[in-house]
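Using the sequences and the hints given, assemble the complete structure.
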Amino acid sequence: MSAWLQLIIYFGTLLLLTKSLGAYMAKVYQGERVFLNPILGPVERFLYRLSGIDPRSEMTWKTYAVAMLLFNILGLIAIYLLQRLQGTLPLNPQGLGAAAPDSAWNTAVSFATNTNWQGYGGETTMSYLTQMLGMTVQNFLSAATGMAVMVALIRGIVRHTTKEIGNFWVDMTRSVLYILLPLSLVLALALVSQGVVQTFSEYKTATSLQSGETQLIAVGPAASQVAIKQLGTNGGGFFNVNSAHPLENPTPFSNFLEMLSILLIPAALCYTYGKMVGDTRQGWALLAVMTIVLVALLSVAIWSEQSGNPMLAKLGIDQAQSATNPGGNMEGKEVRFGIVNSALWATVTTAASNGSVNSMHDSFMPLGGLVPMWLMQLGEIIYGGVGSGLYGMLAFVIIAVFVSGLMVGRTPEYLGKKIEAYEMKMASIIILIPVFLVLSGTAVALMSEAGRATIYNPSAHGFSEVLYAFSSAANNNGSAFAGLGANNPFYNIALGIAMFIARYWLAIPVLAIAGSLANKKKVPASAGTLPTHTPLFIVWVIGVIIIVGALSFLPALALGPIVEHLMIFG
Amino acid sequence: MKQQLRPAITLLALLTVITGVIYPLTVTGLAQVLFLHQANGSLIVLDGKTYGSELIGQQFDDPKYFWGRPSAAGYNAAASSGSNLGPMNPSLEEVVQARIDALHAADPENTLPIPVDLVTASASGLDPHISVASALHQISRVASARGWSEAEVTSLVEKFIEGRQFGIFGEPRVNVLLLNLALDGLQ
Numbered sequence: 001m002s003a004w005l006q007l008i009i010y011f012g013t014l015l016l017l018t019k020s021l022g023a024y025m026a027k028v029y030q031g032e033r034v035f036l037n038p039i040l041g042p043v044e045r046f047l048y049r050l051s052g053i054d055p056r057s058e059m060t061w062k063t064y065a066v067a068m069l070l071f072n073i074l075g076l077i078a079i080y081l082l083q084r085l086q087g088t089l090p091l092n093p094q095g096l097g098a099a100a101p102d103s104a105w106n107t108a109v110s111f112a113t114n115t116n117w118q119g120y121g122g123e124t125t126m127s128y129l130t131q132m133l134g135m136t137v138q139n140f141l142s143a144a145t146g147m148a149v150m151v152a153l154i155r156g157i158v159r160h161t162t163k164e165i166g167n168f169w170v171d172m173t174r175s176v177l178y179i180l181l182p183l184s185l186v187l188a189l190a191l192v193s194q195g196v197v198q199t200f201s202e203y204k205t206a207t208s209l210q211s212g213e214t215q216l217i218a219v220g221p222a223a224s225q226v227a228i229k230q231l232g233t234n235g236g237g238f239f240n241v242n243s244a245h246p247l248e249n250p251t252p253f254s255n256f257l258e259m260l261s262i263l264l265i266p267a268a269l270c271y272t273y274g275k276m277v278g279d280t281r282q283g284w285a286l287l288a289v290m291t292i293v294l295v296a297l298l299s300v301a302i303w304s305e306q307s308g309n310p311m312l313a314k315l316g317i318d319q320a321q322s323a324t325n326p327g328g329n330m331e332g333k334e335v336r337f338g339i340v341n342s343a344l345w346a347t348v349t350t351a352a353s354n355g356s357v358n359s360m361h362d363s364f365m366p367l368g369g370l371v372p373m374w375l376m377q378l379g380e381i382i383y384g385g386v387g388s389g390l391y392g393m394l395a396f397v398i399i400a401v402f403v404s405g406l407m408v409g410r411t412p413e414y415l416g417k418k419i420e421a422y423e424m425k426m427a428s429i430i431i432l433i434p435v436f437l438v439l440s441g442t443a444v445a446l447m448s449e450a451g452r453a454t455i456y457n458p459s460a461h462g463f464s465e466v467l468y469a470f471s472s473a474a475n476n477n478g479s480a481f482a483g484l485g486a487n488n489p490f491y492n493i494a495l496g497i498a499m500f501i502a503r504y505w506l507a508i509p510v511l512a513i514a515g516s517l518a519n520k521k522k523v524p525a526s527a528g529t530l531p532t533h534t535p536l537f538i539v540w541v542i543g544v545i546i547i548v549g550a551l552s553f554l555p556a557l558a559l560g561p562i563v564e565h566l567m568i569f570g
Numbered sequence: 001m002k003q004q005l006r007p008a009i010t011l012l013a014l015l016t017v018i019t020g021v022i023y024p025l026t027v028t029g030l031a032q033v034l035f036l037h038q039a040n041g042s043l044i045v046l047d048g049k050t051y052g053s054e055l056i057g058q059q060f061d062d063p064k065y066f067w068g069r070p071s072a073a074g075y076n077a078a079a080s081s082g083s084n085l086g087p088m089n090p091s092l093e094e095v096v097q098a099r100i101d102a103l104h105a106a107d108p109e110n111t112l113p114i115p116v117d118l119v120t121a122s123a124s125g126l127d128p129h130i131s132v133a134s135a136l137h138q139i140s141r142v143a144s145a146r147g148w149s150e151a152e153v154t155s156l157v158e159k160f161i162e163g164r165q166f167g168i169f170g171e172p173r174v175n176v177l178l179l180n181l182a183l184d185g186l187q
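Top line first, the protein sequences correspond to chains R and U. Numbered per my numbering, the first sequence spans residues 1 to 570. Numbered per my numbering, the second sequence spans residues 1 to 187.
Any given hint could turn out to be false.
Claimed, not checked - Derived CB-CB ranges, DEER-like:
hint	chain 1	residue 1	chain 2	residue 2	range
1	R	SER2	U	LYS49	36 to 42 angstroms
2	R	ASN37	U	SER91	29 to 35 angstroms
3	U	ARG146	R	LEU85	50 to 56 angstroms
4	U	ARG146	R	ALA296	49 to 55 angstroms
5	R	LEU89	U	PRO108	40 to 46 angstroms
6	R	ASN37	U	ASP61	57 to 63 angstroms
Said to hold, decoys possible - To be clear about the criterion: a stretch of chain R counts as covered by chain U if any three or more of its residues have a C-beta under 8 angstroms from a C-beta of chain U, and this derived list gives those stretches:
hint	region
7	18-32
8	184-195
9	199-205
10	306-313
11	384-392
Don't read these hints as lab results, they were simulated from the structure. Source: prediction; values computed, not measured. Think of the CB as a built atom: it goes at the ideal place given N, C-alpha and C, for glycine as much as any other residue.
The structure is reproduced here in structure tokens:
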């Protein structure tokens with residue numbers, strides 16, 4: 001009963017906020033006045049003036065891509081250097097030394113690409129300065145990058161017979177100033193009220209009650225970073241165990257706010273999309289596709305975790321749910337969240353490319369672990385990353401439109417634009433690159449000594465750990481089956497490469513599609529045009545997503561979670 | 001390319017200052033004014049002595065105290081960690097069996113079923129809570145170790161049961177450190 005209530009409140013609140021935030025973001029990206037203009041307008045103009053940016057001049061898709069890449073690579077270098085030099089820099093009360101080169105590379109790529117895979121343990125590795133100037137900054141900038149690329153694609157769809165798709169610097173700056181910063185400020189303070197720490201003091205000491213020994217409690221400026229890592233689908237935690245840590249996610253209500261923040265912007269961007277293309281039904285249709293897939297997989301995850309672990313049932317412990325006992329598979333979960341909020345988080349964090357966790361996915365039941373893994377493998381399009389989720393989804397829409405066009409023998413079109421060979425090629429690249437990276441990465445790791453050496457759990461579950469790692473990196477998610485020892489040169493380098501390719505070699509074809517569509521003429525809708533907001537189309541897109549996802553990954557999943565499930569229950 | 005270099009470098013520097021310095025400092029300033037206790041770790045300070053944090057569990061294995069969740073981090077609050085044991089890892093079965101044995105050894109007469117959260121490791125290794133069932137399960141042991149009646153211990157436990165937040169969110173639970181402080185007469 002309470003489980004249903006919590007789920008209804010969660011999705012209800014999300015849908016309520018979708019429209020108002022979505023409409024607000026549409027205004028921001030169309031350069032209209034919003035209520036924050038009196039405060040942020042001067043700041044915005046100051047930034048442009050100092051950087052020599054003319055906000056009215058626009059870019060071709062190639063210039064847009066160059067600006068995006070340049071900005072991201074500079075950011076990557078900055079966060080790499082911060083980690084290497086932190087030992088000699090201020091704001092390091094625990095005196096933490098430089099991160100190893102391979103680890104620093106991995107983390108730099110990870111945060112620049114909005115993946116936020118963490119090979120390191122936050123409280124034992126990173127100084128406060130690195131967390132602020134490195135992690136927190138890239139949390140904002142990588143999220144804003146995804147949103148900017150998304151907006152450029154929308155302009156490509158909306159405009160016709162032009163080469164210009166907007167100004168990257170303006171889209172970037174407005175995303176940070178008008179959307180990410182205000183939301184983060186409000187969320188950060190709400191989280192502190194619940195008990196998330198926000199201080200620059202050194203770690204606290206206490207006297208343990210039973211032993212009388214000194215207890216060292218890690219603290220730090222966590223809330224400001226946690227807020228943006230949730231809102232920007234980043235996911236890199238302040239502490240090692242991310243949002244399972246009681247000082248990063250102290251109460252059920254902080255947990256609700258953090259979970260809501262994961263899907264908030266990706267959901268609202270669907271409405272922004274509908275608004276900007278001049279037909280909000282288009283946005284709602286995409287949101288429906290995402291939500292239907294999410295809810296179906298969520299119910300599998302909750303059922304699987306609530307059913308408990310038969311291996312423990314035979315030891316005679318009580319896993320039945322009752323008013324006084326959350327029951328289920330509680331290994332790697334926190335009591336304040338119980339089963340429902342742990343399974344819900346695991347599902348939404350991998351549906352969106354967030355990757356933060358409030359429970360340990362490695363200890364999930366086989367099917368409970370399959371859900372997050374497959375959600376990542378679908379390409380991070382079920383909500384997906386801020387911006388990147390929607391542009392990935394639009395790649396699937398292009399495929400769906402194209403295939404249905406072939407079926408009835410008409411030239412496929414989407415929102416008044418002909419979809420031709422060029423768009424199809426780019427959409428195929430967007431969908432196939434992560435699939436290739438996941439499967440080949442997993443294969444290479446399993447065939448090499450170094451890749452097998454740090455697998456933690458035996459048997460099929462060990463295979464799942466590696467498959468999960470590459471699924472996470474090659475789709476820019478960042479969550480982990482954390483038993484796998486990933487902080488070593490092999491995984492740091494291999495996963496770093498996967499994250500890098502997955503981010504930029506997808507963003508570039510997206511911008512290419514934007515440029516190509518912007519250049520086309522608008523064709524008026526005719527009797528033969530496939531409407532793209534109907535239930536039929538929603539089901540059709542879901543079908544395409546599921547077929548591509550299943551065909552690509554069923555063989556690999558069969559070797560991991562599926563066989564493990566059969567070993568336990570078969 | 002060259003044209004974009006100046007905006008790239010300058011904007012990176014400026015946005016770093018805004019999001020990496022001004023933003024966290026603003027949050028810190030407001031947090032330290034509005035939520036002093038929470039922002040600094042929700043520490044429990046009694047007569048000038050700090051006993052820990054309301055939000056961070058501690059190690060308890062003495063029969064006279066309530067025990068918390070098993071911890072893969074040994075309750076080290078400067079290095080959080082879960083066990084990451086998979087559901088059919090033989091080591092999981094072994095450690096759970098050992099925890100069951102320890103509970104039985106400390107309270108052989110107890111025939112109540114053992115709730116799952118009392119013998120499985122938490123995600124953080126620092127979980128401050130146990131389920132209500134896990135608290136009820138330990139009443140007989142704590143009572144006999146302290147020479148109290150079970151009714152006395154029960155009434156104390158009942159005071160420390162936290163319901164779902166706002167009646168809706170999360171799970172009912174008991175904060176182990178706060179309960180144990182109360183047992184020792186420290187409030």
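Problem set entry | 8 angstroms C-beta test of the region 384-392 of chain R against chain U, three or more residues | Coverage by chain U is violated here, the residue count being 0 at a Cβ distance below 8 angstroms.
Exercise. Are at least 3 residues of the region 18-32 of chain R within less than 8 angstroms of chain U when you compare beta carbons?
Worked result: Answer violated; 0 residues pass the 8 angstroms Cβ test.
Exercise. That 49 to 55 angstroms hint for ARG146 of chain U and ALA296 of chain R (C-beta), does it hold up?
Worked result: 51 angstroms, holds
Exercise. Would you say the C-beta atoms of LEU89 of chain R and PRO108 of chain U sit inside 40 to 46 angstroms of each other?
Worked result: For LEU89 of chain R and PRO108 of chain U the Cβ distance comes to about 57 angstroms; the hint is violated.
For this session: Given the hint of 29 to 35 angstroms, check if ASN37 of chain R and SER91 of chain U actually sit that far apart at their C-beta atoms.
Result: 59 angstroms, violated
Exercise. Are ASN37 of chain R and ASP61 of chain U spaced within 57 to 63 angstroms by their CB atoms?
Worked result: Holds, since ASN37 of chain R and ASP61 of chain U (Cβ atoms, about 60 angstroms apart) stay within the stated range.
For this session: Given the range 50 to 56 angstroms, decide if the beta-carbon distance of ARG146 of chain U to LEU85 of chain R lies inside it.
Result: Holds, since ARG146 of chain U and LEU85 of chain R (Cβ atoms, about 55 angstroms apart) stay within the stated range.
Exercise. Under a C-beta cut-off of less than 8 angstroms, do 3 or more residues of the region 199-205 of chain R approach chain U closely enough to confirm the stated coverage?
Worked result: Contact hint for the region 199-205 of chain R vs chain U: holds, 6 residues under 8 angstroms.
Problem set entry | Per-stretch coverage check for the region 306-313 of chain R, three Cβ contacts closer than 8 angstroms to chain U | Satisfied; 4 residues make the cut.
Exercise. Between SER2 of chain R and LYS49 of chain U, does the beta-carbon spacing fit 36 to 42 angstroms?
Worked result: Cβ of SER2 of chain R to Cβ of LYS49 of chain U: about 38 angstroms, so the range 36 to 42 angstroms holds.
Problem set entry | Whether chain U covers the region 184-195 of chain R (at least 3 residues having a Cβ closer than 8 angstroms to its Cβ atoms) | holds (count 8)
Checked against the numbered hints listed earlier, the structure breaks hints 2, 5, 7, 11; every other hint is satisfied.
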